[in-house]
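A.B. asks: Below, each chain spelled out in residue letters.
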Amino acid sequence: MENISIRKTLKKLGTWITNLMATFLALLWSVPVIWAIIASLRPANDPMSRGDVWFSNTLTFENYTRAWSLAPFGQYYINTIVVVLIILVVQLITIVLAGFAFANYEFFGKGWIFFFVLLQMMIPTSALLAPNFATIRTLGLFDTRLAIAIPYFGSAFGTFLMRQAFMSVPRDLVDAGVIDGCSWWQLILNVYLPPSVPSLIAFGLSSATWHWNEFLWPLIITNSDKSRPLTAGLVRFTQLGEIGAQWSLLTAATLMVAAPLFITFLIFQRRFIQSFVHSGLK
Amino acid sequence: MQASRKRSKSLPYILVFPTAAFVALFTAWPVLLSFYQSFFLQRMNIAKFREPTFIGWGNYVDLFTDPYFIDVIKNTLTYILGTVPISIILGFLFALLVNRKVRGIGLFRLAFFHPMVLPMVSAATIWLFFFTPDYGLFNSTLRFLGYSGPENWTGNPNLALLSVVIVAIWKNSGYYMVFYLAGLQNLPDDVYEAAALDGANGWQSLWRITFPLLRRTTLFITIIAFIDSFRTVDHIFVLTSGGPSRSSTVLLFELWLERFEYQDIGTSAAITVIFVIVLLAFTVTNLITSDRKEV
Numbered sequence: 013m014e015n016i017s018i019r020k021t022l023k024k025l026g027t028w029i030t031n032l033m034a035t036f037l038a039l040l041w042s043v044p045v046i047w048a049i050i051a052s053l054r055p056a057n058d059p060m061s062r063g064d065v066w067f068s069n070t071l072t073f074e075n076y077t078r079a080w081s082l083a084p085f086g087q088y089y090i091n092t093i094v095v096v097l098i099i100l101v102v103q104l105i106t107i108v109l110a111g112f113a114f115a116n117y118e119f120f121g122k123g124w125i126f127f128f129v130l131l132q133m134m135i136p137t138s139a140l141l142a143p144n145f146a147t148i149r150t151l152g153l154f155d156t157r158l159a160i161a162i163p164y165f166g167s168a169f170g171t172f173l174m175r176q177a178f179m180s181v182p183r184d185l186v187d188a189g190v191i192d193g194c195s196w197w198q199l200i201l202n203v204y205l206p207p208s209v210p211s212l213i214a215f216g217l218s219s220a221t222w223h224w225n226e227f228l229w230p231l232i233i234t235n236s237d238k239s240r241p242l243t244a245g246l247v248r249f250t251q252l253g254e255i256g257a258q259w260s261l262l263t264a265a266t267l268m269v270a271a272p273l274f275i276t277f278l279i280f281q282r283r284f285i286q287s288f289v290h291s292g293l294k
Numbered sequence: 038m039q040a041s042r043k044r045s046k047s048l049p050y051i052l053v054f055p056t057a058a059f060v061a062l063f064t065a066w067p068v069l070l071s072f073y074q075s076f077f078l079q080r081m082n083i084a085k086f087r088e089p090t091f092i093g094w095g096n097y098v099d100l101f102t103d104p105y106f107i108d109v110i111k112n113t114l115t116y117i118l119g120t121v122p123i124s125i126i127l128g129f130l131f132a133l134l135v136n137r138k139v140r141g142i143g144l145f146r147l148a149f150f151h152p153m154v155l156p157m158v159s160a161a162t163i164w165l166f167f168f169t170p171d172y173g174l175f176n177s178t179l180r181f182l183g184y185s186g187p188e189n190w191t192g193n194p195n196l197a198l199l200s201v202v203i204v205a206i207w208k209n210s211g212y213y214m215v216f217y218l219a220g221l222q223n224l225p226d227d228v229y230e231a232a233a234l235d236g237a238n239g240w241q242s243l244w245r246i247t248f249p250l251l252r253r254t255t256l257f258i259t260i261i262a263f264i265d266s267f268r269t270v271d272h273i274f275v276l277t278s279g280g281p282s283r284s285s286t287v288l289l290f291e292l293w294l295e296r297f298e299y300q301d302i303g304t305s306a307a308i309t310v311i312f313v314i315v316l317l318a319f320t321v322t323n324l325i326t327s328d329r330k331e332v
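Protein chains in written order, with the numbering used here: chain Z, 13 to 294; chain Y, 38 to 332.
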């Protein structure tokens, strides 16, 4: 009897410790973004170096408007959105077509072609930025939004994901479609795609996140504000002479760059996290 | 049954063509081009070296006899060893902490996962303030705790790499948590019930059941984490620019320097080849060993 009550107390204690630890770690992990939000609302005439790095007496949105006026963030937004959308649209077409071919047909050299495509998953594009830079120059695409997007038009990962999704579509359904006289694209639209929408969304979300946040490739392949995306624009902004250590201005710009994706994430949190799991594990 | 699989001879090739062509142009071709260029001396910023000259293995020999490049390799290894295991362990810990049916657990998941959605350059810009000398958040906190140790984090050769590692851990742990979370939720309940009946306590079932059952997940996360640690240098651009005195320069950053700062085509091609070989060797080894264990 006594044993059981001791055990119960221990278990309660264990839950308590777990909760405490979880709360502590969660707070610790949230400090950077919470601090950035607070700092971005701090008036410019109350610099951090005065001491209190958390709160000021007044709140203001002037940092956001000032950051917006100091660099062409509007143009950066357009560039990022255009790049993300171009990549997404082209990828969705190429991966559906290739995934369908690999899942639905037997053809000579299929295994080898599949392996060849998968090479892209093993050698990340960032490792190849020097030779790809040469290719983009040769194609005459340097400093365009297309140059940022084009290396990602074929996606090994997406092809793999769609192939998996299409292969789990019941064979009977496909055969019924064939007997009904579906052409190949009717087969894709009516039989293969409807049950594969979750995979498509998962891929789309992780692709959009990835390319919204990408920095190094856009940095080297752009040279002017007409094509520069948000990430490269932000780093340029932080290095502007007149910015210096104006942290409230820097955090405002930083949050502006992250905001659209971040807010979308907050709204569709569950979907996002599921997508990342889905796209990783399948 | 195979009717639909044999209707057209050329159609599958046409369907695969766009993907295969882009992979050929932006993955296969650059590897071949780098391999070729790595045997030539070619530097765009020195007039007499503009035209490529064949020098055999010269670029590789130069790299591996250059103490500075050896330092870059050491930095890269330190960076990987500093980020990968800790992020994975934290990811696992977070997954255990949030894999409970408690009210508001979604908030905890959000707290651990949200850094993943931020651009790395944004994250690094925020952290730059934390590392700022004197009034930065790190130093303010340390001083509050009564410590008056290192002040200038990103400007100190001994701390610059550590600062970069900290940001990477903060950004990635939540991502790995998500995979462990999925793994945990797929574990069969009956094993735990049986273990509980046999008198196993929480720790025992964690180490004897949960951990072994998640081996595949761990392997998968290790591969992702390894490749991530190689391909992300965005935070280095913002925090340290590879300095001071190159103490936080890792392989990819060095590649960028050689190609775009020093305009050295030959050397950057050789580094690209080394890079590709390391990545391929790692992935292939992992696939082979995992296949053996699973069959």
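Don't take each hint at face value.
[Claimed, not checked] Simulated pairs of lysine to aspartate or glutamate, DMTMM-like, Cα-Cα distance not exceeding 25 Å: (1) Y:Lys111 <-> Y:Asp226; (2) Y:Lys46 <-> Z:Glu118; (3) Z:Lys238 <-> Y:Asp99; (4) Y:Lys138 <-> Y:Asp265; (5) Y:Lys46 <-> Z:Asp192; (6) Y:Lys46 <-> Z:Asp184; (7) Z:Lys24 <-> Y:Glu298; (8) Y:Lys85 <-> Y:Asp108.
By construction, these hints were calculated from the structure, which means they are not laboratory data.
A.B. asks: For every hint, state whether the structure bears it out.
C.D. replies: Checked hints:
| no. | hint | result |
| --- | --- | --- |
| 1 | Y:Lys111 <-> Y:Asp226 | violated, 44 Å |
| 2 | Y:Lys46 <-> Z:Glu118 | holds, 9 Å |
| 3 | Z:Lys238 <-> Y:Asp99 | violated, 40 Å |
| 4 | Y:Lys138 <-> Y:Asp265 | violated, 31 Å |
| 5 | Y:Lys46 <-> Z:Asp192 | holds, 21 Å |
| 6 | Y:Lys46 <-> Z:Asp184 | holds, 22 Å |
| 7 | Z:Lys24 <-> Y:Glu298 | violated, 60 Å |
| 8 | Y:Lys85 <-> Y:Asp108 | violated, 29 Å |
In the structure shown, a violation is registered for the earlier hints numbered 1, 3, 4, 7 and 8, in ascending order.
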